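Use these hints to put chain V onto chain C, whose structure you have.
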Amino acid sequence: MTKPKEDAAGREMTGAEMVVQALKDNGVEHIFGYPGGAVLPIYDELFQQEDVQHILVRHEQGAGHAAEGYARSTGKPGVMLVTSGPGATNAVTPLQDALMDSIPLVCLTGQVPTTLIGSDAFQECDTVGITRPCTKHNWLVKDVNELAATLHEAFHVATTGRPGPVVVDIPKDVQFARGTYVSPQSAPRTSYQPKVQGDLDKIKAAVAMMASAKKPIFYTGGGVVNAGPEASHLLRELVDLTGFPITSTLMGLGAYPASGKNWVGMLGMHGSYEANMAMHDCDVMICIGARFDDRITGRLNAFSPNSRKIHIDIDPSSLNKNVPVDIAIIGDAGRVLEDMVRLWRATAQTDKKLLYPWWEQIARWRARDSFAFKMNNDVIMPQYAIQRLYELTKDMDTYITTEVGQHQMWAAQHYGFEKPNRWMTSGGLGTMGYGLPAALGVQIAHPDALVIDIAGDASVQMTMQEMSCAVQYEAPIKIFILNNQYMGMVRQWQQLLHGNRLSHSYTEAMPDFVKLAEAYGGHGIRCEKPGDLDDAIREMIAVKKPVLFDCRVANLANCFPMIPSGKAHNEMLLPDEATDEAVANAIDAKGRELV
Amino acid sequence: MNAQLQPTGSAYFIAKETEKPERHTLSVLVDNEPGVLARVIGLFSGRGYNIESLTVSETEHERHLSRITIVTSGTRHVLEQIKNQLERIVPVHRVVDLTVRAGELSNGSPLERELALVKVTGKGDDRVEALRLADAFRAKVIDANVEHFIFEITGKGSKIDQFIAIMKPLGLSEVCRTGVAAMNRGPQGM
Numbered sequence: 001m002t003k004p005k006e007d008a009a010g011r012e013m014t015g016a017e018m019v020v021q022a023l024k025d026n027g028v029e030h031i032f033g034y035p036g037g038a039v040l041p042i043y044d045e046l047f048q049q050e051d052v053q054h055i056l057v058r059h060e061q062g063a064g065h066a067a068e069g070y071a072r073s074t075g076k077p078g079v080m081l082v083t084s085g086p087g088a089t090n091a092v093t094p095l096q097d098a099l100m101d102s103i104p105l106v107c108l109t110g111q112v113p114t115t116l117i118g119s120d121a122f123q124e125c126d127t128v129g130i131t132r133p134c135t136k137h138n139w140l141v142k143d144v145n146e147l148a149a150t151l152h153e154a155f156h157v158a159t160t161g162r163p164g165p166v167v168v169d170i171p172k173d174v175q176f177a178r179g180t181y182v183s184p185q186s187a188p189r190t191s192y193q194p195k196v197q198g199d200l201d202k203i204k205a206a207v208a209m210m211a212s213a214k215k216p217i218f219y220t221g222g223g224v225v226n227a228g229p230e231a232s233h234l235l236r237e238l239v240d241l242t243g244f245p246i247t248s249t250l251m252g253l254g255a256y257p258a259s260g261k262n263w264v265g266m267l268g269m270h271g272s273y274e275a276n277m278a279m280h281d282c283d284v285m286i287c288i289g290a291r292f293d294d295r296i297t298g299r300l301n302a303f304s305p306n307s308r309k310i311h312i313d314i315d316p317s318s319l320n321k322n323v324p325v326d327i328a329i330i331g332d333a334g335r336v337l338e339d340m341v342r343l344w345r346a347t348a349q350t351d352k353k354l355l356y357p358w359w360e361q362i363a364r365w366r367a368r369d370s371f372a373f374k375m376n377n378d379v380i381m382p383q384y385a386i387q388r389l390y391e392l393t394k395d396m397d398t399y400i401t402t403e404v405g406q407h408q409m410w411a412a413q414h415y416g417f418e419k420p421n422r423w424m425t426s427g428g429l430g431t432m433g434y435g436l437p438a439a440l441g442v443q444i445a446h447p448d449a450l451v452i453d454i455a456g457d458a459s460v461q462m463t464m465q466e467m468s469c470a471v472q473y474e475a476p477i478k479i480f481i482l483n484n485q486y487m488g489m490v491r492q493w494q495q496l497l498h499g500n501r502l503s504h505s506y507t508e509a510m511p512d513f514v515k516l517a518e519a520y521g522g523h524g525i526r527c528e529k530p531g532d533l534d535d536a537i538r539e540m541i542a543v544k545k546p547v548l549f550d551c552r553v554a555n556l557a558n559c560f561p562m563i564p565s566g567k568a569h570n571e572m573l574l575p576d577e578a579t580d581e582a583v584a585n586a587i588d589a590k591g592r593e594l595v
Numbered sequence: 596m597n598a599q600l601q602p603t604g605s606a607y608f609i610a611k612e613t614e615k616p617e618r619h620t621l622s623v624l625v626d627n628e629p630g631v632l633a634r635v636i637g638l639f640s641g642r643g644y645n646i647e648s649l650t651v652s653e654t655e656h657e658r659h660l661s662r663i664t665i666v667t668s669g670t671r672h673v674l675e676q677i678k679n680q681l682e683r684i685v686p687v688h689r690v691v692d693l694t695v696r697a698g699e700l701s702n703g704s705p706l707e708r709e710l711a712l713v714k715v716t717g718k719g720d721d722r723v724e725a726l727r728l729a730d731a732f733r734a735k736v737i738d739a740n741v742e743h744f745i746f747e748i749t750g751k752g753s754k755i756d757q758f759i760a761i762m763k764p765l766g767l768s769e770v771c772r773t774g775v776a777a778m779n780r781g782p783q784g785m
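In order, the protein sequences belong to chains C and V. Mapping to the working numbering: the first sequence position 243 is 243, numbers consecutive. Mapping to the working numbering: the second sequence position 76 is 671, numbers consecutive.
For the record, the hints were derived by calculation from the structure and aren't laboratory data. Please read these numbers as outputs of a predicted model, since none were measured by experiment. We put the CB at the ideal spot given by N, CA and C, even for glycine. Careful: at least some of the hints might be erroneous.
[Unchecked claim] Think about it this way: if two alpha-carbon atoms lie no more than 20 Å apart in a straight line, the pair counts; the simulated SDA-like pairs of lysine to any residue are:
1) Lys195/C - His688/V
2) Lys321/C - Asn627/V
3) Lys678/V - Leu355/C
4) Lys142/C - Pro686/V
5) Lys321/C - Glu612/V
6) Lys214/C - His30/C
7) Lys419/C - Tyr390/C
8) Lys142/C - Asn627/V
9) Lys215/C - Leu355/C
10) Lys142/C - Ser640/V
11) Lys195/C - Asn679/V
12) Lys321/C - His672/V
13) Lys142/C - Leu632/V
14) Lys195/C - Leu624/V
15) Lys321/C - Tyr644/V
16) Lys678/V - Ile330/C
17) Lys321/C - Gly641/V
[To be verified] A few chain V residues facing chain C, derived, Cβ under 8 Å:
18) Gly630
19) Arg634
20) Gly637
21) Gly641
22) Gly643
23) Ile646
24) Glu647
25) Gln676
26) Asn679
27) Gln680
28) Pro686
29) His688
30) Arg696
31) Asp756
Here chain C stands alone, though its shape is the one from the complex:
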């Protein structure tokens, strides 16, 4: 039973009670955590209530990624609770991950009592110092009467503007101390006022520029997903109205459906040929909620040389950071899209026939079939595995997470995303070990959904321990491991850059994933032949337990197409041209010396 919020406000309670009350008042239903000395009072409070469910992970990094997966699949903040010292330092990787991918993550850390801070006490570390550069903001609360307001502010900062991670560090004596609770309505600080509404004159200018385009393209990113389902809806409407082609970053997949007729595929280093060529040759680029990351732009001075650029972002520091733009609009993607749709309807009815030559050009690029691969009847090709997984799961309520590496890029290329919030991957930081705990978080938020972590054999071993957590909470996550015995992306780069000297990228002692699954109390499946794959995937879906699926794939497959380093969008290495010789010479000798 949730008590009315008015009851708690103004009441005297302990700091630990305030933490639980603040979680309830901010709508938190699940938190991911690991107990320890400095958070025992909070754990004691959690024990005595039923509104907030605590998920016990096996390592604090797992708690962070699980909370990230939870946040990204629901649009709500993810919450983690860890102890002082090592609990806090283990949280650093997910905090930085959430910072780079703009995920709302609230991390509560215990701290040694205020009187011991600075004395090198047991399990003490300078948590706010360590997490300062990897959070949007952080707080050390030394006075119990400031705790409630700080917690509410933490939720506010994490979820508004450009979302991100926050840390609230709570010394143990503050958890025991008694003070007055305040409700979330208390006034937010004046210095933090993110601008969400775009400048209407600039939006008008942008719409006029779009209406004049002969070769336009939408380039959208995670910002559209973060702006909520309504933003994705508006994006689809604007794409339909304008008839423009649309591409997306890794983080933005699903905002526009992969089956949509204007979709040209993901762009960037391993994006589609047609998306990258269209970016290179366009005359008007409309970037919404993306940040011109180096994996996207390729060589900067050859990036889309003849286009006028419009950039919409909620973070002013993203504008003109890597690429100078002609119209920079600060605002929430959803709000700006709303204005754009309205203005386009009112003013810019153009003849879609004018775009025919552009679409014909795109069709010629598309005909290159840049995601093609050679099928093999004896060995499972990794791309084929993803395609079969997609075909057998696309009509279900499916959520996909990934680890980091080749499998991640193949998943992005070959799995079609129709809706936002269905794709959880570590884009900015590239955190191996993200996918398994993230899948756990997604499954906790959506108990009846099919949640699949498309994994690599190397990444998945970094956070494998969370299988134990999945078994405990009966979270039937499916870990679909593309097992090629290598750190595939590392091996591919060694082949490209280092004379195919495969230094330490081969895993000589691979665990038996089937036995491992069984040891955890889950279910193990191994598949080695393309002909057996469909049945094995069906078995995986049918099992109502956590599954480790050991999918043995071709060991030395490379991920193409690829923009080699230092090359431009129109200099992609395509799969049918990627002979061993071409791969070895893709990056010139001078380039290699500079590594």
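Same frame as chain C, but now just chain V:
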């Protein structure tokens, strides 16, 4: 598009900067709370920006506001980034690039002043000469005995540099400088 880039075999694209860096003075109004200075300094070190001078003090006691004055150098593009990144910090209220603002107001450059305490130890003629020069620089004597003076001097950084250089042969033994305090000319506030 001004950066010259060479193809590298690295995962990153290494840009050679051709634009000349400019020296700018920024005023940053922040909530006076623990860690706020660390956030500002951490931003500069973490993103590789320069700090030539940094001063901070509470300026509005009731509202707990501090004013940080930072002298930095960078290209126009980097200076723009510094301003945007500073504005992203939660307890930062306002960032004004005084140098840019002075240009907009046609005010030349911002007024910049620094205070220094300069200890000179010596006897005889050197002592007389030090006192005479201090007078010429309008430095005040704030402590003295038969073997030393402590001068207090305010002015532009260049004036203080010059004063310190002159005192060197006369027995300069200790210097403490506050860093730059700055604001723009004219009736307009920050």
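Comparing the hints with the structure gives:
Between the alpha carbons of lysine 195/C and histidine 688/V the distance comes to roughly 14 Å, so the proposed pair stays at or under 20 Å and holds. For the given pair, lysine 321/C sits about 29 Å from asparagine 627/V by alpha-carbon distance, which is inconsistent with the 20 Å threshold. Only pairs whose Cα atoms come within 20 Å are accepted, and lysine 678/V paired with leucine 355/C is rejected, the gap being roughly 40 Å. In summary, the hint linking lysine 142/C to proline 686/V is supported, as the alpha carbons are separated by about 18 Å, within the 20 Å threshold.
With a C-alpha separation of about 14 Å, the suggested pairing of lysine 321/C with glutamate 612/V holds against the 20 Å cut-off. A C-alpha spacing of about 49 Å is found between lysine 214/C and histidine 30/C, which places the hinted pair above 20 Å, so the restraint is violated. A threshold of 20 Å between alpha carbons decides the hint, and for lysine 419/C with tyrosine 390/C the separation of about 14 Å falls inside it, so the pair holds. Restraint check for lysine 142/C and asparagine 627/V: satisfied, since their Cα atoms lie roughly 16 Å apart, inside the 20 Å limit.
Under the criterion of a C-alpha separation no larger than 20 Å, the hint pairing lysine 215/C with leucine 355/C is consistent with the structure, at around 7 Å. Proposed proximity of lysine 142/C and serine 640/V is contradicted: the alpha carbons are some 28 Å apart, above 20 Å. With a C-alpha separation of about 13 Å, the suggested pairing of lysine 195/C with asparagine 679/V holds against the 20 Å cut-off. Using a Cα cut-off of 20 Å, the hinted pair lysine 321/C and histidine 672/V holds, with the two alpha carbons roughly 8 Å apart.
For the proposed pair lysine 142/C and leucine 632/V, the alpha carbon gap of about 19 Å is at most 20 Å, so the pair holds. Between the alpha carbons of lysine 195/C and leucine 624/V the distance comes to roughly 19 Å, so the proposed pair stays at or under 20 Å and holds. Under the criterion of a C-alpha separation no larger than 20 Å, the hint pairing lysine 321/C with tyrosine 644/V is consistent with the structure, at around 14 Å. The suggested pairing of lysine 678/V with isoleucine 330/C holds, with an alpha-carbon distance near 15 Å, which does not exceed 20 Å.
For the proposed pair lysine 321/C and glycine 641/V, the alpha carbon gap of about 16 Å is at most 20 Å, so the pair holds. The restraint placing glycine 630/V at the interface with chain C holds, with a minimum CB-CB distance near 6 Å, inside the 8 Å limit. Because the smallest distance between the Cβ of arginine 634/V and any Cβ of chain C comes to about 6 Å, under 8 Å, the interface hint for this residue holds. With a cut of 8 Å, the hint placing glycine 637/V at the interface with chain C holds, because the nearest CB-to-CB distance is about 6 Å.
Using the Cβ-Cβ criterion of 8 Å, the hint placing glycine 641/V at the interface with chain C is satisfied: the shortest such distance is roughly 5 Å. At about 13 Å, the closest approach between the beta carbon of glycine 643/V and any beta carbon in chain C exceeds 8 Å, and the interface hint on this residue is violated. Nearest Cβ of chain C to the Cβ of isoleucine 646/V: about 16 Å, over the 8 Å cut. The hint is violated. With its C-beta approaching chain C no nearer than about 22 Å, glutamate 647/V sits outside the 8 Å limit, and its interface hint is violated.
Given hint, glutamine 676/V at the interface with chain C, holds; its Cβ is 6 Å from that chain's nearest Cβ, closer than 8 Å. Because the closest C-beta pair between asparagine 679/V and chain C is about 4 Å apart, less than 8 Å, the hint holds. Because the smallest distance between the Cβ of glutamine 680/V and any Cβ of chain C comes to about 5 Å, under 8 Å, the interface hint for this residue holds. Hint status for proline 686/V: holds, given a least beta-carbon distance of 5 Å to chain C, under 8 Å.
Hint status for histidine 688/V relative to chain C: holds, with the closest Cβ pair at about 4 Å, below 8 Å. With a least beta-carbon distance of about 18 Å to chain C, the hint placing arginine 696/V at the interface is violated under the 8 Å criterion. Of the supplied interface hints, the one on aspartate 756/V is violated, with its beta-carbon coming no nearer than about 34 Å to a beta-carbon of chain C, more than 8 Å.
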